[in-house]
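Enquirer: Here the protein sequences come in this chain order: D and E. With the working numbering, letter number 85 in the first sequence gets 384, and the count goes up by one each step, no holes. With the working numbering, letter number 20 in the second sequence gets 25, and the count goes up by one each step, no holes.
To be clear, the hints were calculated from the coordinates, so they are not data collected in a lab. Each hint should be verified, as a subset may be incorrect.
A partial selection of chain D residues facing chain E, derived with a Cβ cut-off under 10 Å [stated by the list, open to error]:
hint, residue
1, 325
2, 328
3, 330
4, 333
5, 356
6, 360
7, 373
8, 390
9, 392
10, 402
11, 406
12, 443
Virtual Cβ for every residue (Gly too), placed ideally from N, Cα, C.
Below are the chains, spelled out letter by letter.
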Amino acid sequence: MGFMKFNEQQLAEFNRLVARYPEGKQKSALLPVLHLAQESFGGWLSEEALNYVAELLQIKPIEVYEVATFYSMYHLKPVGKYVFEVCQTGPCMLRGSDNIIQYIENTLGIKPGETTTDGLFTLKTVECLGACGYAPMMQLGKHYKEHLTKEKVDAIIEECRKNAAVNN
Amino acid sequence: MAVKLLLEKAHIEGIRSYEVYRREGGYRSVEKALKTMSPENIVDEVKKSGLRGRGGAGFPAGMKWSFIAKPEGVPRHLVCNADESEPGTFKDRYLMENIPHLLIEGLIVSSFALGSNDTYIYIRGEYAWIVDILETAINEAKANGFVGNNILGTGFNCNIHVQRGAGAYICGEETALIESLEGKRGNPRLKPPFPAVKGLWERPTVVNNVETLSAIVPIINMGGEEYAKIGVGRSTGTKLISACGNINQPGVYEIDMTISVEEFIYSDEYCGGIANGKRLKACIPGGSSVPILPANLLLKTAKGETRYMNYESLSDGGFATGSMMGSGGFIVLDEDQCIVKNTLTLARFYRHESCGQCSPCREGTGWMEKILHNIEYGKGKISDIDLLWDIQSKIEGNTICPLGDAAAWPVAAAIRHFRDEFAWHVNHPDESQKRNFGLAHYADPIYVPVTA
Ligand SMILES: Cc1cc2nc3c(=O)[nH]c(=O)nc-3n(C[C@H](O)[C@H](O)[C@H](O)COP(=O)(O)O)c2cc1C
Ligand code: SF4
Ligand code: FES
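If we strip away everything but chain D, and leave its shape as in the complex, we get (with noise of 0.2 Å):
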């Protein structure tokens, strides 16, 4: 990828963000406009990326970066094309979730933290998503899989890779 700007539309996203907030404010939406970065430029924020949003809001980059660093939605290195965040606090062990994040090792052939090698999928282990009462879940992008067996994490894996080939 060359050098990254918004498009039309995603300016417009960010003007929206921006006017939200009072005049001289604009840093408070750095949140919010790292998401629509971090959306807009292939799942992760790199440093040009992060650089470019301290641009827009006119702000130093170390404010950026203190931020990006903070806060765990953000990934600061490339990721799979499906991140699977599975849950595993208090609660969500309680109904197994040990069982299911094993299932998704063996199944996808890494560990928390990987990437499969043909970069579709990233498993990742997080903190209490507030989905306790409908525990093992994981979320998928913007949505939550609740309820999670071995046969749901099969059948989500082979939607993600339906997917993947129809988008290609």
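Since the structure of chain D is already known, use the hints to place chain E with the ligands on it.
Expert: Same frame as chain D, but now just chain E with the ligands:
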């Protein structure tokens, strides 16, 4: 059936839309408040209602509102805390997903009472799809004159904005939330100054939980005094409980705070009993930060009295033999569960979520996780149990924000009530890798001495 004030209409088909919500009587409280009441009247009603903050601390909402500073010419802000990240807690999500207009309605009335013309909902970043639900609801309300400029022709302006977080439990703490809303790391601020004096952009700010602000709607509709008649003592109104763990019917329940813990767990109206015919071993009744209790102390207080699902009864006995209502995240453990393992996952959570500003919290949470990991995996020493106790006691009360306490309490309570299970792990390093300690004596009837 118990009284329902928040979720009564949550399952009506189409209630997510403005049209159906309005047809069902929605937005009446805005009409009543903006047209017939002054901001002071509203604060008075909230005070009379006895409503306590539903985010975890239980601070009286009306009193908090009355502290907001009103310097000449400085805008004020209401911020809705939808960060909901305390393990075991998923009630705010349920409310926002199912009946989003109730929150928007509560926000307008509350914004009017506090004089906030720009109100922010700070929602945890992972609830991405709920942002869309809320923004749709806000736009519908705006199209119908309930949000925006000159609401209902009263001259009151209020815009509501939804801000996504990005994965950080600490941003639920109100001053960290404000920092995050300003586009910074979620490092809690030193208090004072309190947000009511200097909050968002150094302006007077009130931060309240989603459920607290939604409860303003029935309070205005029925009047504070009527609201206060529901419940018991200082536990007025209804409370949302998110129940999870080893129960038959995990989910979100609205209770009036007069039912017993036993009824809540075993009645089909609520949790429907322990799953798979197992027996109850322990429970964390108010979100991961509050003390865990063994079955016997959960169902009855140390005095042998029935324990109820309200602020006072859940904390009866203090930390020695009681717990807390907290955020209403009700986590149930059956006889097969391991207390050490459960405590380890919570310790890992707090280590992961510490913002790192205070050494007792930053270092202590890491040490606790490491020691618990050793005990759980058969590499612990008996002296580790006292060491854990020592570390947690040195975190508590020695930090900028309450996350330190929240990390210390679960460890303290687990050792206080389940010390022999920890010791068993240490003394049986091999066996503990194959099976769990089991129910042991944790469900035995409590011995209550009879005074002559
Ligand atoms: C570490 C930590 C996390 C918190 N998380 C939340 C949260 O997710 N939601 C919430 O409403 N309050 C949370 N709180 C409590 C808030 O600081 C604040 O008390 C609350 O939002 C006030 O609203 P209320 O009075 O309506 O409960 C948290 C507090 C701490 C110390
Ligand atoms: S107690 Fe922990 S989370 Fe709170 S300010 Fe200190 S280091 Fe940060
Ligand atoms: S513990 Fe997994 S969603 Fe809450």
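Enquirer: Could you check if residue 325(D) really has its C-beta closer than 10 Å to a C-beta on chain E?
Expert: Holds - the Cβ of residue 325(D) comes within 10 Å of chain E, reaching about 8 Å at its closest.
Enquirer: Can we keep the residue 392(D) interface hint, with Cβ of chain E closer than 10 Å?
Expert: holds, 5 Å
Enquirer: Measuring from the C-beta of residue 328(D) to each C-beta in chain E, is the shortest one below 10 Å?
Expert: holds, 7 Å
Enquirer: Interface hint check: residue 373(D), Cβ to nearest Cβ on chain E, cutoff 10 Å. Holds or violated?
Expert: Holds. Min distance 6 Å.
Enquirer: Could you check if residue 406(D) really has its C-beta closer than 10 Å to a C-beta on chain E?
Expert: Hint on residue 406(D): violated, closest Cβ of chain E at ~23 Å, above 10 Å.
Enquirer: Are residue 402(D) and chain E close enough, Cβ to Cβ, to be under 10 Å, as the hint says?
Expert: violated, 18 Å
Enquirer: Against chain E, is residue 360(D) within 10 Å by beta-carbon distance?
Expert: Nearest chain E Cβ about 14 Å off; hint violated.
Enquirer: Does the nearest C-beta of chain E fall within a distance shorter than 10 Å of the C-beta of residue 390(D)?
Expert: Holds. Min distance 5 Å.
Enquirer: Less than 10 Å between beta-carbons is the criterion; does residue 330(D) satisfy it with respect to chain E?
Expert: holds, 5 Å
Enquirer: For the hint on residue 443(D), does the least C-beta distance to chain E fall short of 10 Å?
Expert: With Cβ-Cβ at 8 Å, under 10 Å, it holds.
Enquirer: With chain E as the partner, please determine if residue 356(D) meets the hint condition of a C-beta pair closer than 10 Å.
Expert: With a minimum Cβ separation of about 8 Å from chain E (threshold 10 Å), the hint on residue 356(D) holds.
Enquirer: Is the shortest C-beta separation between residue 333(D) and chain E less than 10 Å?
Expert: holds, 7 Å
Hints 6, 10, 11, counting from the list given before, are not met by this structure.
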